[in-house]
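Participant: Listed here are the chains, written in short residue letters.
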Amino acid sequence: MSNSIADVIGQSQHRNVLSRLANQQTFWVFLAAVLACLALTLLTDTFATERNMFNVSRNFAFVAIIALGMTAVIASGGIDLSVGSTVALSAMTVAVLMTSGLPIWVGIPAALFVAALVGAVNGVLIAYAGMPPFVVTLGMLSVARSLAMVLSNNRMIYEFGPDHSMLLWLGGGATFGLPNPLIVLAFLAAFTGFLFKWTRWGQHLFAIGGNEEAAKLTGIPVRQLKVSVYVFSALMAGITGVLEVGWLGGVTTNLGQAMELSVIAAAVIGGANLAGGVGTAFGAVVGALLIEVIRNSLILLGISTFWQGAFVGAFIVIAVAFDRFRNARSAD
Amino acid sequence: MSALRLVNISKNFGAIHALSGVTLEIEPGEVVGLMGDNGAGKSTLVKVIAGNFAPSEGEIFISDEKVEFHRPIDAQRAGIEVVYQDLAICNNLSAASNVFLGREMTKQFGPFRIIDYAGMRAKSAQLFERLKSETRPRDLVWRMSGGQRQAVAIARTLLSDARIVLMDEPTAAISVRQVAEVLKLIRYLSDHGIAVVLISHRMPDVFEVADKIAVLRRGRLVASKRAADSSPEEITGLITGAIEAA
Ligand SMILES: Nc1ncnc2c1ncn2[C@@H]1O[C@H](COP(=O)(O)OP(=O)(O)OP(=O)(O)O)[C@@H](O)[C@H]1O
Ligand SMILES: [Mg+2]
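In order, the protein sequence lines correspond to chains A and B. In terms of our numbering, the first sequence opens at residue 247 and continues consecutively. In terms of our numbering, the second sequence opens at residue 4 and continues consecutively.
Warning: the hint list may mix true and false statements.
Said to hold, decoys possible - Here are the computed lysine-lysine pairs in the DSS-like style, where the Cα-Cα straight-line distance is at most 30 Å:
1) Lys443(A) - Lys462(A)
2) Lys443(A) - Lys110(B)
3) Lys228(B) - Lys443(A)
4) Lys126(B) - Lys110(B)
5) Lys135(B) - Lys110(B)
6) Lys462(A) - Lys135(B)
7) Lys228(B) - Lys126(B)
8) Lys462(A) - Lys110(B)
9) Lys462(A) - Lys126(B)
10) Lys110(B) - Lys69(B)
11) Lys69(B) - Lys462(A)
12) Lys69(B) - Lys135(B)
13) Lys187(B) - Lys110(B)
Read the hints as simulated data drawn from the structure, not as lab findings.
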């Protein structure tokens, strides 16, 4: 009896592999990104050039790294609007410290520490004071950028002391022909995917996003976990800030402006559900890829960059609508 | 020796007195039917026993030992398991993940401790079989029937060596056949020396399994008597207030 039930389960799982793939938003988004790349390669002679690829992959890496953190936040049922400003604050911290002559091994940890602090403040206000994530991180969006201005006196910094070239190599250089930010992304994506799927932290994060009350009742430390999720998101933004300074070779306080929108779009397009409880690391990466390819195609096809915002905005809405449609259909 | 003894338990939410001076004793293996109107304080009492709420006043004894629970895990360690009224289930997770929610099985993987999905699936499959439920460990809960969801919540209580199982309306919203299964399970627990507190609005269910019936009315315990010495009519009167106390 139990044997036959197990058999049936086994069979239904084999049959499901294909239909499950087709049911995954990530799969379609990935397909769309690949098709867009193919089309661009055929339609333009500028897309598939080494130089353009290098740029696209690096831009994409920045959005994707932050989208990993954003996916964690969204999966836990929250949102983090402060990531763009955290990028600026982290970048400014490393720049100010290094330009004053401090070595890179002081500058980078300090920048990451400041970013983590931003996340901790977000998390504590949300988890312990019970304030809505939208409000808290919207406030932080303003506070963090303002701090970056105070810190730098709002000047541009392009001189990074004794370890100048090391910082520039980190964000702007390449290893084995791959841009460094892309390699960092690969590591962080694998790490995040591992955390989501294989650790209790990941399980609990998705449990909180699925049913916070249930998580509380079963004794999951919901508050501590929420704080850790916002710290995680801020750290991803902090890492990106450090890499972006190296890539740009200089930093101003408007770095990362409006980046939260692209990042949220990447996470949502990659399958993260704004209602919480759903999202994957791979999805975040694929979502970021699609956005960057579209952005690049607008430039290469000679469409005004003013249209970028319209495309990114429309994509968020389409991704959410797609999700609604799919849920409504499977609820029948 | 009593499995659970509550002495003078009160719980206030601001100005609301959800529980006032509740004193109740439960023997090992005893099944207590806890009844009362909506808002009488039944769920609150369960959450106090389970460590979700600290009581405003009063003491709790487990096996004649005074305990103080600050978190649900404290109560779990003391052998208290709960089926919550809304089941405390995450729709986005699999049945197995829900059974183990908050106490996932892990195994060593290099320097890490990772979640042991295979182990959790195998163990939940065993539990579902014991419950005679056709719930599949891998399935996501949001696709499941009311009875299967119930099985997931009840399977949790079998994970550890529970001494007391609290069930908040486990027979609401499930089919007649599944109600019979749940009642059978309650007897199974009781036969194994586990005390059960069954909250239900369904009089026949309570009279079928309960050794003792306790009635809460506006946060006060107005009766606690042997089911054999009572009747559905008397209990109804106690619940509504037509009978003051018994
Ligand atoms: N977390 C809370 N905060 C404030 N008041 C609460 C809380 N939980 C319960 N109450 C109040 O305590 C009283 C008892 O509620 P409780 O949920 O224990 O009733 P119940 O007997 O389980 O009712 P039902 O049969 O509807 O489940 C109600 O007046 C309720 O509004
Ligand atoms: Mg209740």
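Participant: State for each hint whether it applies.
Facilitator: To see whether the hints hold, each was checked on the structure:
Taking the CA atoms of lysine 443(A) and lysine 462(A), the gap is near 21 Å; set against the 30 Å cutoff, the hint holds. Between lysine 443(A) and lysine 110(B) the alpha-carbon distance is near 14 Å, which keeps this suggested pair within the 30 Å criterion. Distance restraint check for lysine 228(B) and lysine 443(A): the Cα-Cα separation of roughly 50 Å exceeds the 30 Å cut-off, and the hinted pair is therefore not satisfied. Proximity of lysine 126(B) to lysine 110(B) is assessed by CA-CA distance (about 14 Å); at most 30 Å being required, the pair is judged to hold.
Straight-line distance between C-alpha atoms of lysine 135(B) and lysine 110(B) comes to about 28 Å, which keeps the hinted pair within the 30 Å bound. Restraint check: the Cα-Cα separation between lysine 462(A) and lysine 135(B) comes to about 29 Å, which is no more than 30 Å; the hinted pair holds. A hinted pair counts as satisfied when its Cα atoms are at most 30 Å apart, and lysine 228(B) with lysine 126(B) does not qualify at roughly 38 Å. Among the hinted pairs, lysine 462(A) with lysine 110(B) is consistent with the structure: their alpha-carbon atoms are about 24 Å apart, no more than 30 Å.
With a CA separation close to 23 Å, the supplied pair lysine 462(A) and lysine 126(B) stays within the 30 Å bound. This hinted pair does not check out: lysine 110(B) and lysine 69(B) have alpha carbons roughly 35 Å apart, beyond 30 Å. Restraint check for lysine 69(B) and lysine 462(A): satisfied, since their Cα atoms lie roughly 24 Å apart, inside the 30 Å limit. Proposed proximity of lysine 69(B) and lysine 135(B) is contradicted: the alpha carbons are some 37 Å apart, above 30 Å.
At roughly 34 Å between alpha-carbon atoms, lysine 187(B) and lysine 110(B) are farther apart than 30 Å, so this suggested pair is violated.
The earlier numbered hints that this structure contradicts are 3, 7, 10, 12 and 13.
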